[in-house]
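Residue numbers (this note's numbering), protein chains in the order written: chain A, 3 to 355; chain B, 335 to 785; chain C, 935 to 1278.
No wet-lab data here; the hints were simulated from the structure.
Be aware that one or more of the hints could be misleading.
What the hints assert, rightly or not - Here are the simulated BS3-like pairs of lysine-lysine, each with C-alpha atoms no more than 25 Å apart in a straight line:
{"no.": "1", "chain 1": "A", "residue 1": "K317", "chain 2": "A", "residue 2": "K141"}
{"no.": "2", "chain 1": "A", "residue 1": "K317", "chain 2": "A", "residue 2": "K251"}
{"no.": "3", "chain 1": "C", "residue 1": "K936", "chain 2": "A", "residue 2": "K226"}
{"no.": "4", "chain 1": "A", "residue 1": "K121", "chain 2": "B", "residue 2": "K397"}
{"no.": "5", "chain 1": "A", "residue 1": "K121", "chain 2": "B", "residue 2": "K382"}
{"no.": "6", "chain 1": "A", "residue 1": "K12", "chain 2": "A", "residue 2": "K79"}
{"no.": "7", "chain 1": "A", "residue 1": "K234", "chain 2": "A", "residue 2": "K217"}
{"no.": "8", "chain 1": "A", "residue 1": "K155", "chain 2": "A", "residue 2": "K352"}
{"no.": "9", "chain 1": "A", "residue 1": "K217", "chain 2": "C", "residue 2": "K936"}
The structure presented is a predicted model; accordingly, all values stated were derived computationally and were not measured.
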Amino acid sequence: MGNDRSGADKIRIALVNNYQPFVYGGAEFLVDSLRTQLLSRGHQVSLTRIPFPATLDHKLINNILSCRCISFDEADKVIAFKFPAYFVPHDNRTVWMFHQLRQVYELWDGPYGLRDDPKNAALRQLVIGSDNHFLRQSKHIFVNSNEVAGRLKTYNDIDSEVLYPPLLDRDRCHFKEYGDFLFYPSRMTTFKRQHLAVESMQYVSSKVRLVLAGKSDEPEYEEKLRNLIAAKKLGDKVTMLGWIDQQEKFDLMAGALACVYLPYQEDSYGFVSMEAFYSRKCVVTLQDSGGTKELLVDGVNGLVVYPSPRALAEKFDLLYENRRLARDLGEQAFADLNSRDISWDTVVEKLLK
Amino acid sequence: MKLAWFTPFNQRSAIAQCSKIIVDEMSRHCDVDLWVPGDGELIQTDRKVVRFDSVSDALIELKTYDYCIFNMGNHFDFHADIYKIMQGRAGIVILHDLIMHHFFVDYYMRHMRDTDAYVSEMERAYGVAGRDVALQSTLGATTPVWMGDDVARFPLFEGIVDRAEGVFVHSNFHRATVEKKYIGDIGTAYLPYQTTTPTRQRSQLLQDFGIAGNKIVAISSGIVHPLKRIERVLAVIKANPALAQHLVYVVVGDENEEYRAELQGLVDEYSIAESVRFLGYQPADILRDFLAAADFAINLRFPNSEGCSLSLIEQMSFGNAVIAIDSGMYREMPNTAVIKIPVNDTEHELSAALQTLVFDDRVRRHMGECAAVFARENFSAERYARELLEYLSRKNFLSTQPIRAALLEISTALSHAPHLFEDSTLIHPLIQEFYSIVNGRAAHAHEDASL
Amino acid sequence: MKIAVLRTGPLFAHDDAALYVAQLCSVLSEAGHSIESTSLPFSSAIADIVEQSVAYRLFDLTHGSDLCIAVGPFAHAFNHSNKRIWLLSQYSPVYELWDTCYGASSTRPNDVSTRDYVYAVDRAWLSEARLVCSGSQTIAQAVLNNLGTETQLLPPALPDQYRYATNEYEGFFVAAGPLLDTARISLLVDGFSRTVRPARLVIMGFVSSPSERDAAQQIVLESPKAEFITLEINPTYDRVFKHVSSALALVSVPYRCSTLDIFTVAASWSRKTVLTTIDSGELARLVDHQVDGYCVEANAVALAQAMDEISGDMQSAKRLGDRFGEKLNGMLPTWATIAQELTK
Chain A
3 MGNDRSGADK IRIALVNNYQ PFVYGGAEFL VDSLRTQLLS RGHQVSLTRI PFPATLDHKL
63 INNILSCRCI SFDEADKVIA FKFPAYFVPH DNRTVWMFHQ LRQVYELWDG PYGLRDDPKN
123 AALRQLVIGS DNHFLRQSKH IFVNSNEVAG RLKTYNDIDS EVLYPPLLDR DRCHFKEYGD
183 FLFYPSRMTT FKRQHLAVES MQYVSSKVRL VLAGKSDEPE YEEKLRNLIA AKKLGDKVTM
243 LGWIDQQEKF DLMAGALACV YLPYQEDSYG FVSMEAFYSR KCVVTLQDSG GTKELLVDGV
303 NGLVVYPSPR ALAEKFDLLY ENRRLARDLG EQAFADLNSR DISWDTVVEK LLK
Chain B
335 MKLAWFTPFN QRSAIAQCSK IIVDEMSRHC DVDLWVPGDG ELIQTDRKVV RFDSVSDALI
395 ELKTYDYCIF NMGNHFDFHA DIYKIMQGRA GIVILHDLIM HHFFVDYYMR HMRDTDAYVS
455 EMERAYGVAG RDVALQSTLG ATTPVWMGDD VARFPLFEGI VDRAEGVFVH SNFHRATVEK
515 KYIGDIGTAY LPYQTTTPTR QRSQLLQDFG IAGNKIVAIS SGIVHPLKRI ERVLAVIKAN
575 PALAQHLVYV VVGDENEEYR AELQGLVDEY SIAESVRFLG YQPADILRDF LAAADFAINL
635 RFPNSEGCSL SLIEQMSFGN AVIAIDSGMY REMPNTAVIK IPVNDTEHEL SAALQTLVFD
695 DRVRRHMGEC AAVFARENFS AERYARELLE YLSRKNFLST QPIRAALLEI STALSHAPHL
755 FEDSTLIHPL IQEFYSIVNG RAAHAHEDAS L
Chain C
935 MKIAVLRTGP LFAHDDAALY VAQLCSVLSE AGHSIESTSL PFSSAIADIV EQSVAYRLFD
995 LTHGSDLCIA VGPFAHAFNH SNKRIWLLSQ YSPVYELWDT CYGASSTRPN DVSTRDYVYA
1055 VDRAWLSEAR LVCSGSQTIA QAVLNNLGTE TQLLPPALPD QYRYATNEYE GFFVAAGPLL
1115 DTARISLLVD GFSRTVRPAR LVIMGFVSSP SERDAAQQIV LESPKAEFIT LEINPTYDRV
1175 FKHVSSALAL VSVPYRCSTL DIFTVAASWS RKTVLTTIDS GELARLVDHQ VDGYCVEANA
1235 VALAQAMDEI SGDMQSAKRL GDRFGEKLNG MLPTWATIAQ ELTK
């Protein structure tokens, strides 16, 4: 707030996202990046973060209702990103969907989703019905990957346009060498499955190392990883750095052999993949990692592996012992990414149309 | 579908009579078991009857039912045990009475001996105003609210519907009152009534009661109470000698002694004894015989504290045109069957209505036929069962636990605003949004405004 | 500790509370706490109050944080077991502006219903808090009178980054703040238009719509002294605070404002004299006329006379400014204290 708005094309934009307390991940970073980009283009931007409930029960219903009952009329445009923030009412609302409430869609009745019982079935019906109804009131619906577009079409019969999120600090990605470690920078959660990477290290035969970096949302999970490392005596093969700043991350990536990214049914390719590609490093991912495969083609610019520790270990050894392969995959990844139209200019133009 | 139908089921309960008719019809479409509190003598029925006295045992057995249907009325002794079950198992409440205040007075102060709980209930429902009135009533600072007309401002049905999975009422008028407080789908159907063949011919009946057979007989039935405004009818008869000559006004029902004496005084003063008969309480068969024999009915009850007027239903079911006050459920009746008098009428319109029905045979007969037709279509067990079953099966039925839990939180948040409900425009957007979310579409809560 | 700081307020329009909350978060962070700061939009339209406050109430904030500090209209609706309310304002249309031309009205049934509701929920939801602090004596008294609730006085201090102290007294009066109806720009401009001594008036106003901007511009244009009035719309904060710190005096004539606005606090920090009217609320309560400031009748003639007095005797104006600065500095806590009080 502060700059006099001059120019008819400068508007007031309300960005609306939800948040889990003290969780800051890729989605939050992306929204902050978008905010920065919009401000730099002279727009007035506010960021509203809707608190997400602790439990997936009746509080979800009230959360949706609350979103529907707060006013964004001050804004010329609303851009919303996640469930249920994208329900906020506005005549000029654009959704750039990162994901829906996955626990009632593709994760339904699975290890990461809601269990199929009468109570959850009622919630599921309500959430799907709300998505079906309120999303259609949006002026435009963008999604961050074909994966999300496919889910939206399959479950809700809603069409959308894919709009890939760019990196804010693409220029900080650089290359130094293909070193002797695999780098996995990401928030540590069961969803990101760092434990599979750690488990795989007991099967590697080469001297490849694994470096994990990132803040943990789940203290129990972080402890589980540490216990796993201790139990399998992997202390000299696996390093857990915890939270590191962006510069440290890019420096580590620049020196890594390759990057590892093993989420379960991820919505999009993930910033890890993009940062790796811009750093000329290939990415090792899993067959069930979802959106990570949007950028990645197995054997061309990365490796897509069967989700088992032994299979991962095999690929880790392969990259370590065949630096040329690591280089070729990494160079191709760099070239492939640069050939795509993924830029903030494109994003802003589309979101503001 | 398997239903547990909770109801008093003794001869003294009007709700019991209705339940019998309804359940007999419902059982043609689904399994219905009668759950009856207490151990007194019951009305005869072919349905399975479960007598319950232990709440915990009942709750275990109720798990086998798809829905529990709780018939709730203001009479504590008949409904207390049903209320206790409701607190352990949510279900559909069939709310018979507009005012449930007396039930809670008995429940909290007589049964639980917890005056504070009554005060808290009043505060929960009506905020500070309710708390203050409750305190004044319980501390003796004023006449207790439950003993005066002001009780209508504090009906206390909120404590019944708050926990309900659904609510079913018996008039649009009642529904409009409940929906100000209950954020949920409300079902509606008029109570059913079954007429019977008269036990004696009209001529015999009139002769037995000393009424000339050539008179036009107008009937008022139900408890004889000042709310019935019988004195206005007497005044009109007195002012119209021609009416007095042709009409006999028969008043049947339990009498409030004081009021009865007052009315008798007027009859004597007006010298219209030949035109008025107070029959007091009569057994059911006699009452029905009179309803069948009557030429038309007069039902000037006001204000309306009933959710549904059983007396009106009876009168129309027996093919009687009715003169009524234009309010409450009476307002919902077709003009072809019911002549509606403004509340503040100075007997001008009442006089005109009486003269029409006494002197115009054609109109009287036509209106009576219309009343009978309307009654057959709307006061039938088939219609009631159909509406109730449709309500149970509705997709937007707010029966599931998370939706109810959400509603409870919303209700709690809104409990500070009891006066807002007098004009729901301020909370209307919130309620509309809730329905949109639950229904997955922009829907009004009650799309079918007619019964 | 993990602390959730929740603010309700306008999305884009200037809001003093946003600046205070930013400072508070900074101080709390420096003290070693983890801070999650969130702001939710608030619409002041009376028709939106019930819906909005219920929406706030239904948000689930029961997890993740050890303590919650809520600031802004109906922020006390948020449910948290360890809630601290910093009441920098109340919903003025049903409080200090009730039955005035700026507020809600007893002649409108919906307004009456909303007022009753607001009183009821304020009472209920404030009573849940572990601590309720009022941002001014006026608010504290109002809460006590209207709701029977005692609060701790905790007025906000000037955020560090806006502390410009200068010894300059350039020849202009400054007025700063949102150009709402209650700011009474027309009264201010009318007053200035009647001054006889040479001076300038700089109005640094924040608007949230073109119509607010146009209305303000029209008022200025219609003034016979329009050429001596500068109207800046939505200036940067740096610019505003710098102007305040180098002005001759700050003129603030809001109608019944229950707190000191941040620009008045900034003026006192810079030892600039303050001119206000007797009906301005908290500021009128604090200013001792011709002792440490000017507090005059709410009419243009009185304002003009006061402005002429100030520009005719700058030494006196400086003395008054010094005294007001001393007074306020003695009253306002440090940010460390504020943070401590809110988290104790």
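Quick rundown of the hints versus the structure:
1. A:K317 to A:K141: Roughly 45 Å between the alpha carbons, so the hint for K317 (chain A) and K141 (chain A) is violated.
2. A:K317 to A:K251: holds, 23 Å
3. C:K936 to A:K226: holds, 23 Å
4. A:K121 to B:K397: Cα-Cα ~15 Å, so holds.
5. A:K121 to B:K382: Violated, at roughly 30 Å.
6. A:K12 to A:K79: holds, 11 Å
7. A:K234 to A:K217: Roughly 23 Å separates the two Cα atoms, so the pair holds.
8. A:K155 to A:K352: holds, 20 Å
9. A:K217 to C:K936: holds, 16 Å
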